[in-house]
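4 protein chains.
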Amino acid sequence: MTAHPSPATTPSTPRSAPGLPTPLTGVVPPVCTPLTPDDEVDVASLERLVDHLVGAGVDALFVLGSSSEAAYLPDRHRETVLTTVVRHVGGQLPVLAGAIDMASLRVLDHVRTAADAGADGVVVTAPFYTRTHPAEIARHYRLVADRGQLPVFAYDLPVSVHSKLDADLVLELAADGVLAGLKDSSGDDGGLRRVVLGARARTDTPGFAVLTGSELTVDSALAMGADGVVPGLGNVDPHGYVRLFRYARDGDPERARAEQERLCALFGMTGVGDPLRMGASSSGLGAFKAALHLRGIIDCPRTAAPQVPLSAEETERVGKFLAAAGLL
Amino acid sequence: MTAHPSPATTPSTPRSAPGLPTPLTGVVPPVCTPLTPDDEVDVASLERLVDHLVGAGVDALFVLGSSSEAAYLPDRHRETVLTTVVRHVGGQLPVLAGAIDMASLRVLDHVRTAADAGADGVVVTAPFYTRTHPAEIARHYRLVADRGQLPVFAYDLPVSVHSKLDADLVLELAADGVLAGLKDSSGDDGGLRRVVLGARARTDTPGFAVLTGSELTVDSALAMGADGVVPGLGNVDPHGYVRLFRYARDGDPERARAEQERLCALFGMTGVGDPLRMGASSSGLGAFKAALHLRGIIDCPRTAAPQVPLSAEETERVGKFLAAAGLL
Amino acid sequence: MTAHPSPATTPSTPRSAPGLPTPLTGVVPPVCTPLTPDDEVDVASLERLVDHLVGAGVDALFVLGSSSEAAYLPDRHRETVLTTVVRHVGGQLPVLAGAIDMASLRVLDHVRTAADAGADGVVVTAPFYTRTHPAEIARHYRLVADRGQLPVFAYDLPVSVHSKLDADLVLELAADGVLAGLKDSSGDDGGLRRVVLGARARTDTPGFAVLTGSELTVDSALAMGADGVVPGLGNVDPHGYVRLFRYARDGDPERARAEQERLCALFGMTGVGDPLRMGASSSGLGAFKAALHLRGIIDCPRTAAPQVPLSAEETERVGKFLAAAGLL
Amino acid sequence: MTAHPSPATTPSTPRSAPGLPTPLTGVVPPVCTPLTPDDEVDVASLERLVDHLVGAGVDALFVLGSSSEAAYLPDRHRETVLTTVVRHVGGQLPVLAGAIDMASLRVLDHVRTAADAGADGVVVTAPFYTRTHPAEIARHYRLVADRGQLPVFAYDLPVSVHSKLDADLVLELAADGVLAGLKDSSGDDGGLRRVVLGARARTDTPGFAVLTGSELTVDSALAMGADGVVPGLGNVDPHGYVRLFRYARDGDPERARAEQERLCALFGMTGVGDPLRMGASSSGLGAFKAALHLRGIIDCPRTAAPQVPLSAEETERVGKFLAAAGLL
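Residue numbers (the UniProt record's numbering), protein chains in the order written: chain A, 1 to 328; chain B, 1 to 328; chain C, 1 to 328; chain D, 1 to 328.
This list has only true hints and no planted wrong ones.
DSBU-like, lysine-lysine: derived pairs with alpha carbons at most 30 Å apart:
| # | chain 1 | residue 1 | chain 2 | residue 2 |
| --- | --- | --- | --- | --- |
| 1 | C | Lys-320 | B | Lys-164 |
| 2 | B | Lys-164 | A | Lys-164 |
| 3 | A | Lys-164 | D | Lys-320 |
| 4 | C | Lys-164 | A | Lys-164 |
| 5 | C | Lys-164 | B | Lys-320 |
| 6 | C | Lys-164 | B | Lys-164 |
| 7 | A | Lys-320 | D | Lys-164 |
| 8 | A | Lys-164 | D | Lys-164 |
| 9 | B | Lys-164 | D | Lys-164 |
| 10 | D | Lys-164 | C | Lys-164 |
Keep in mind the hints are simulated off the structure, nothing from the lab.
Working from the sequences, and respecting the hints, build out all of it.
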């Protein structure tokens, strides 16, 4: 697959062993970005969070995705996150990096930064802000893969990007070596299944990974044949998702379902924020960070501007979700 | 702070005379960004384009907006555009700069760059990509104005940002000194009028400018009381928009309408691109650049990736629109 | 124009003199539907409302549109409205009837009812609820015009129908005799102008009427060349819209604008409803009916279920808007 | 009233034994509506289709849903469908009827017709066409349940209705006896799971049924705890969905998955229509009807206007899907 050059042919992208498995499988949490009270990256907290995730047995890390508040972070913060995590992981696990920006040339700048920092792959959405045509989405991914020197995972996130990746397009790009995988956060599990079954029916997409970003349906996505999961809630309870993945992998759907249902209850924390006062990002990311703070993993629960902070009472409700799940 | 700090109180934002009038009025074209065949900013063409616009008598320039392909341009290109235009204009006219990015801290980085380059104001959308609540939009503008050290114009562009700025919120931010003006590209002239009349009815929004970004209804927006116009098509025919503005200002609605109707016909060029092959940005921005190329103002009609180029036949149709308008 | 058969050739659609002018011009209020406290059509109030409108000098009436709560009214209520208004008007003015339903065969049932009741034309949206393709929109209008035996006005209302009528499609259907006119409630005055100028540039759309449904930009729509206006607020203040239309027709843009601005202020009543408690229909239609009740024209301000009623305090605010406009 | 009144307490709604189980479970195909070449309901074909479904062992029938083209069918056609199916089924199975219309009073007319015809329950969406507030959605369901005299199933279909039913609202309405169940065609299986788990966690929603309308994820929805499935594709292959349901019920997830994957392949038929020529309804419903025609169950594959018919070549491709699934 020519789009995924080996380290030997692309000396400009030194990737640590063990590099990126093909396909990528397992639990790949999108790492939250702890901030200091004055809006800097809190490096010590980030390292503790990485230890928390790695220690739980996750299979790879995804930095600078939506749960990482990538849309809110200046480039300088993004670089700090990347270099901190790559260095701290030290090659124990693959690190994927979001390259979240509006169009191809801007995305390519982030891809270069990720390559220089030693990331093992990048995660890229369709163009946004622009009025995008399917032909332009295809051009975008081809260009990013061709010039970018890192394996590319398509990131399907219609709630942010306002277009849906078509299953046939994804498969065509996979077959052409443009895409190494798909992170499907569309919530449309029928569409995810079309990609899984389409890839299985073809012989020209070996190693293509389908990862679900939907925290609430991981057991069923894995039962359908998805390769892994990228759960925002995995920041809070990585052990739970690791157990869930192992039960599913080992053919124990009952235990997988029970674990999933426990995590569904925990996910209720994302709704603590008052919808009259704040949007869904403020509530959901605020809850994840409050939980990490309450669990003692990060120093400060602050989310990036212009998100609205949780109130004391809302934070208290996060604590109750943790307690009910046995996490406090 | 007041919304429009004078150079004396904000030494970090050296702005050339004549600075920014309050309110900003007249024709403020959103300057296209000419590219070389290898995707660099074509500085010489950009300077010719600026001369073309200034020579036509426009009142200010707006760089790095949607018509400038700001969403497609890497930061390095954005800086080149900014410094080129500010230097080339040399204080003859105010220069506004788009600070187009997803959320507050990223926008603030662009605002700082704009201030350092000597821009006279910035144009800022609501947050996008993120799931945004009205309270977060208000926080966003307050933060950008407070920390940004440049007058802020709100940019209402629902087709890109997927939220609409509420008239009452805009007026509240104007009254609080957060906003120096509004660039309304929503196409909703009823909404624009609500802002115009709301500002007129209050005593606490002196100097607040309402600019329309809708090329096809400039005469009526001005008749309603809008202060100016930011027409993408003004790249191609700045003289037409300057005449239109003067007719409107001088109380000659008939001539204003005739000029507007001529420009409406010319605007038909934005539809030359085959919708089966490309999106609306590729077609519209491609047509503007093809026209500038055909008129001899820029060297290369290339649009930034992943936009789809116009075909030879589509470019020929652009030429026919120019010829019909007496511009070739 | 074969789509608009004369009474002689279509004996099944007896229309009263003076029939429908081509083009239809002037003020065509979308008549509110007064209800009794037990959700029946209040015929006496409806007749008083018709007298109020006719007495103000409007040019035609439009029943069973969005402002008439057509989406909320059972077919039996719709028929009562139609027969009441047609009979009460007695041929003094043309009566248009909304035929608001999801797809062609259902719409045709309403068209037949309208024809039988003696309406002079029907107003028809694109299909909705269904996932609609532009080719299907064209088929829809062709079928309704072909089988429907009444002149058809296209109703562009993206906020309800979730698709926008394309200007080129409208003009093609006009040229083919399918459409007698357009009621544009899209709020997109650039699009309205494209239809106005497109119709003027062609020789094959004689008598095609472009009517704006945007209460706040009537003066400018008329200045652009629109033929008339269908203002929901015209229920409350028909005299104002009649004056506005006459000023515009008689070439007095200053007075037209002043009248329009007075009506813009009055339109503020549509925002009285608390957005935490109710949607925009409940607030806007509730305000119109509250105003008609306060002015003594209808007996009961009730809106149809499941709309939320205005509170006493919200109704009081409607009264203040009336008082400020000299209507109480 | 309780949400599930027995015949004894609601004499106005004579329902045949065995009435409606609580909760409703199993396979409930949304019955296609065969048409004659002149757009009448083809009663003989409809009866053959019912026999085909009942003979396959389905658990109930759902008429007048989206797959039945309810949005396209005049009321007279709707009544013919209802009376034909209720009479032909003769009480062997429960019959649910869609009551698809824009707002409460119109929906109630359909509910009354359904009750008079002997349907066992109705399926009702949120209001559409109107600009709808969550409070109005709640009022709508309460009113329809209160006045309607039949068990009400909420129909979550954002692609048609343009709002999503909130899980908490659904559960609240279930607890209040307003809703007998949910047909979730949103494609959002995380949301479906929230309702399933929420209902299980409460003691006040006994008998509440959660049915998925997503053909491609039935095995996983059942594994999550959904009670049944309403598959449009079940018209074409009811035996497949009956097997799938039984495997899932009997704790054989492997076989359930294999059957589901076979049905996923068959579902590919819904994409045969050229997207340049037609919309998704024309393609999907056209494919179902072409398949039923090719299988000899209905006489004519015609879909209702303004849908675009499949071409001969597209129909041939439907045949290939049938052949590949062993259905021809």
